[in-house]
Amino acid sequence: MSRGDIPQRFFAARGRGTLGQGGSFIEAWFPQPVEVDAETAQSEGTGTWVTGRLDRLDRPGPSPRRIDDAGRDLRERTGAGLPEGFECSLLCLIDTAAAPASVEDAYLRLHLLSLRLARPHEVCLDGMFTLMPMLCWTSAGPVEPNRLEALRSQVRSRGEWLRVWSVDRFPPMTDYVVPPGVRIADTARVRLGAHLGEGTTVMHEGFINFNAGTLGTAMIEGRISAGVVVGEDSDLGGGASTMGTLSGGNDVVISVGRRCLLGANSGLGIPLGDGCTVEAGLYLTAAAKVEVLDDSGALLRTVKAAELAGADNLLYIRNSLTGAIQARPNRRVIDLNPEIHINE
Amino acid sequence: MSRGDIPQRFFAARGRGTLGQGGSFIEAWFPQPVEVDAETAQSEGTGTWVTGRLDRLDRPGPSPRRIDDAGRDLRERTGAGLPEGFECSLLCLIDTAAAPASVEDAYLRLHLLSLRLARPHEVCLDGMFTLMPMLCWTSAGPVEPNRLEALRSQVRSRGEWLRVWSVDRFPPMTDYVVPPGVRIADTARVRLGAHLGEGTTVMHEGFINFNAGTLGTAMIEGRISAGVVVGEDSDLGGGASTMGTLSGGNDVVISVGRRCLLGANSGLGIPLGDGCTVEAGLYLTAAAKVEVLDDSGALLRTVKAAELAGADNLLYIRNSLTGAIQARPNRRVIDLNPEIHINE
Amino acid sequence: MSRGDIPQRFFAARGRGTLGQGGSFIEAWFPQPVEVDAETAQSEGTGTWVTGRLDRLDRPGPSPRRIDDAGRDLRERTGAGLPEGFECSLLCLIDTAAAPASVEDAYLRLHLLSLRLARPHEVCLDGMFTLMPMLCWTSAGPVEPNRLEALRSQVRSRGEWLRVWSVDRFPPMTDYVVPPGVRIADTARVRLGAHLGEGTTVMHEGFINFNAGTLGTAMIEGRISAGVVVGEDSDLGGGASTMGTLSGGNDVVISVGRRCLLGANSGLGIPLGDGCTVEAGLYLTAAAKVEVLDDSGALLRTVKAAELAGADNLLYIRNSLTGAIQARPNRRVIDLNPEIHINE
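Protein chains in written order, with this note's numbering: chain A, 167 to 510; chain B, 167 to 510; chain C, 167 to 510.
Heads up, a few of these hints could be off.
[What the hints assert, rightly or not] Derived pair list, reagent style BS3-like, types lysine-lysine, alpha-carbon separation capped at 30 angstroms:
| id | chain 1 | residue 1 | chain 2 | residue 2 |
| --- | --- | --- | --- | --- |
| 1 | A | Lys455 | C | Lys455 |
| 2 | C | Lys470 | A | Lys455 |
| 3 | A | Lys470 | B | Lys470 |
| 4 | C | Lys455 | B | Lys455 |
| 5 | B | Lys455 | B | Lys470 |
| 6 | C | Lys470 | B | Lys470 |
| 7 | A | Lys455 | A | Lys470 |
| 8 | C | Lys470 | A | Lys470 |
| 9 | C | Lys455 | B | Lys470 |
| 10 | C | Lys455 | C | Lys470 |
| 11 | A | Lys470 | B | Lys455 |
| 12 | B | Lys470 | A | Lys455 |
| 13 | A | Lys455 | B | Lys455 |
| 14 | B | Lys455 | C | Lys470 |
To be clear, the hints were calculated from the coordinates, so they are not data collected in a lab.
Construct the complete structure from the given sequences, taking the supplied hints into account.
Now the structure itself:
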């Protein structure tokens with residue numbers, strides 16, 4: 167994700183955010199970001215404005231207070247010393263080609279991806295891991311980890327129960343965004359910043375990381391790692407794995423073309439072109455040697471899987487008698503079942 | 167699932183349902199359906215009656231208002247124009263051999279399966295996918311997707327947090343039914359319409375789709391796809407996959423007999439008889455060629471796995487030196503650990 | 167887990183618990199257990215004291231009432247006949263080398279593991295499965311299964327929704343404990359009694375059972391079965407499986423050393439030493455025959471995988487042309503990405 171490849175666009179969004187113990191935002195929700203032209207953006211400058219108290223969201227005071235790009239000293243700048251846990255409304259203006267400058271800026275970038283205002287790799291996310299604070303996502307709202315046990319004690323004292331569904335830097339997408347035309351059977355498995363094309367179904371075993379996802383209709387019962395993009399009309403079977411770049415040391419960004427099928431419990435370590443199938447249970451790593459066969463089954467050559475990166479219309483199997491991984495022309499490109507893919 | 171094979175039975179149930187924007191039910195809960203005889207059912211006719219407001223559930227008004235099978239125009243027929251989101255009590259009478267005629271009818275069918283009043287494949291579910299509405303399942307109850315963001319804004323304005331745990335046509339089973347004698351470690355992975363036999367444990371990696379499930383004691387740490395049935399005393403290891411018929415183009419309904427073990431990360435593309443084991447990590451697709459060995463390890467013949475469909479007492483492995491998939495007599499049929507299978 | 171190997175230590179903890187229909191505790195929360203010396207512990211004796219009503223937690227009455235080790239007849243002993251569902255405060259004193267004697271005792275043991283006061287296998291858990299009651303974990307708190315439907319009806323009558331996230335003997339850890347310095351993307355997949363070392367990240371596909379876990383920094387995207395321990399700086403890839411001892415009949419306790427990598431969708435049936443890698447998609451069962459190669463790729467010998475138990479610095483692959491499982495010196499020991507492993 168080099169910045170040079172990322173188009174410069176500007177987005178502004180009103181939102182609501184929670185202030186943490188340090189006096190800066192620890193999370194923010196932006197329901198309707200809008201793109202603004204470069205001239206306007208550059209005259210205003212990127213950054214965050216605190217536009218009023220939450221209960222006055224529609225009547226912002228006469229002089230919204232600007233805070234700087236770093237967003238570190240909101241408490242000081244807002245003068246009144248907004249208390250921790252206080253939720254206030256804010257306005258955020260960002261440059262997609264620049265690195266995120268504050269927590270709220272980072273949250274807005276993730277919203278752009280999940281709201282389909284940008285595709286994976288079109289927003290600069292440099293430094294996200296250290297910027298996004300660790301939070302506990304609870305039935306009483308997000309809370310900083312060092313405050314959790316006091317909150318649990320309070321809640322339990324009232325005879326209620328505190329549920330904590332995630333302890334993470336990245337929240338579940340549906341805590342903020344549910345894009346139209348998708349199904350997500352178990353929302354715990356889709357992070358904010360995932361890009362779900364219209365017509366995408368994420369089944370219970372599916373998973374989509376941030377800055378990754380689908381571009382159109384898709385059946386996702388496997389795992390889409392950070393950075394991985396899946397083309398239209400493709401199907402990731404249950405438990406199918408795509409190698410990511412965050413861990414494991416792989417440098418090549420994996421992608422899946424259109425009308426591809428990754429069989430159940432299969433895995434993918436190379437980018438696939440269109441119309442490819444990986445047999446159920448086969449993990450195709452980049453370093454694996456693959457026998458390339460013609461349509462009649464005759465051996466053409468043996469290559470590393472990495473050399474087949476991006477090739478179209480191939481069927482990958484492990485020969486069930488010889489144990490060799492083989493690639494051959496794919497005779498049977500999948501059709502997604504239209505009945506289960508209308509997500510209206 | 168051809169209708170011809172489905173026995174005609176009639177069930178009636180009182181329940182509670184939520185009305186959507188279109189004025190018809192978007193979901194319904196039926197805690198105690200009862201079977202009724204054919205004569206009674208046919209004199210009454212199948213359909214839905216709105217029996218009163220929720221707060222008068224036990225004192226239905228003198229003239230319950232009938233709505234038609236299509237259930238589409240509840241608002242008109244109930245005269246008073248029940249408001250969206252209004253929850254009212256209803257009575258539903260259905261014929262299991264006929265296709266579902268309304269949302270509430272479809273929900274009642276799924277309840278029958280999860281309450282063990284019918285087994286998988288014993289209730290006609292034709293057209294379910296288009297009938298069941300997409301809903302967001304939230305901490306504030308089920309809501310139609312186009313109303314979600316307004317609800318989130320409301321809830322967040324009150325200083326509370328809206329959790330959305332599923333965006334789907336099929337709800338989690340435990341939002342409606344928890345049958346006796348089961349454990350379900352992570353309820354997000356069992357859909358309403360799943361059939362869990364008494365003594366079934368679904369671990370965190372287990373999954374059971376609707377119209378599928380177990381018939382008795384079972385340890386489920388793998389995935390039971392739609393239509394798949396698992397016999398008593400069988401064990402699906404962590405991440406084990408069973409091929410479904412909804413996607414992937416497989417026509418044969420997969421099933422697992424009694425006392426079978428699917429090893430962790432294995433997969434199954436053929437029906438298994440009783441007493442079979444599939445080695446951990448082996449995906450047995452129907453098209454795979456399999457070496458059939460005798461008890462001494464001598465090769466008897468080589469067949470397609472599909473030809474072994476339904477055979478009892480076979481052990482399937484991939485030979486770790488030759489890479490060939492092999493079937494041989496299964497010497498060691500599993501015993502489930504009784505201590506962890508008493509779900510009382 | 168033989169008692170003889172478990173060091174005798176004593177812990178005392180104040181907590182809060184819920185009383186069930188039988189008049190004894192069905193669950194208990196202990197935020198801050200403390201170790202006590204043997205002399206004190208033995209003069210007091212192990213057991214449970216009910217120290218007061220919840221609303222008087224900080225002002226225990228003059229005569230805390232002792233209950234016996236079995237904890238079965240709390241109702242009788244507390245005299246006043248505490249009502250079901252009543253939450254009261256308690257004090258519990260246990261001996262880690264003795265078998266758990268009551269539900270609250272069992273809960274305290276699981277807290278010790280998750281709070282890092284004891285490591286896996288350092289607390290006697292004999293008889294846990296039959297001791298821990300089945301509960302439904304709901305948005306209205308834990309409830310015994312036979313009370314669930316009445317509760318659901320009540321909640322739904324109020325226009326609210328009851329969420330049931332687990333039906334199990336063991337609760338999700340984060341309902342009780344969130345240790346410092348960890349990330350847990352989907353908390354439904356970590357049981358109370360899991361031991362997460364500081365710097366551990368459990369991704370969405372990760373899972374950790376009780377009496378199992380990590381000892382330091384680790385990336386867990388696979389499944390850590392009961393009893394399995396993973397050393398520092400190791401990485402379990404997405405969907406990776408470790409064989410447990412509760413089911414499957416395996417007698418050897420699996421463990422993973424330091425700086426190991428289990429590739430995505432791989433599996434492990436033997437203990438690994440330090441610096442080992444199992445290739446993505448390879449399930450290494452104990453019975454598999456493995457070709458052991460030298461650094462140049464020459465075959466040294468063929469052995470059962472079980473004979474390689476505990477060996478350091480090995481790379482396990484399945485040869486993609488011959489289908490044979492092979493072990494060779496591991497040239498490329500992993501480094502965890504430090505940016506994503508700072509969980510502060």
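Cross-check of the supplied hints:
1. A:Lys455 <-> C:Lys455: With a Cα-Cα distance of about 21 angstroms, the restraint between Lys455 of chain A and Lys455 of chain C holds, given a limit of 30 angstroms.
2. C:Lys470 <-> A:Lys455: Holds. Lys470 of chain C to Lys455 of chain A sits at ~25 angstroms (cutoff 30 angstroms).
3. A:Lys470 <-> B:Lys470: The given pair, whose Cα atoms are some 29 angstroms apart, holds under the 30 angstroms limit.
4. C:Lys455 <-> B:Lys455: holds, 22 angstroms
5. B:Lys455 <-> B:Lys470: holds, 4 angstroms
6. C:Lys470 <-> B:Lys470: holds, 29 angstroms
7. A:Lys455 <-> A:Lys470: holds, 4 angstroms
8. C:Lys470 <-> A:Lys470: holds, 29 angstroms
9. C:Lys455 <-> B:Lys470: holds, 25 angstroms
10. C:Lys455 <-> C:Lys470: holds, 4 angstroms
11. A:Lys470 <-> B:Lys455: At roughly 25 angstroms apart (the allowed maximum being 30 angstroms), Lys455 of chain B and Lys470 of chain A satisfy the hint.
12. B:Lys470 <-> A:Lys455: holds, 25 angstroms
13. A:Lys455 <-> B:Lys455: holds, 21 angstroms
14. B:Lys455 <-> C:Lys470: holds, 25 angstroms
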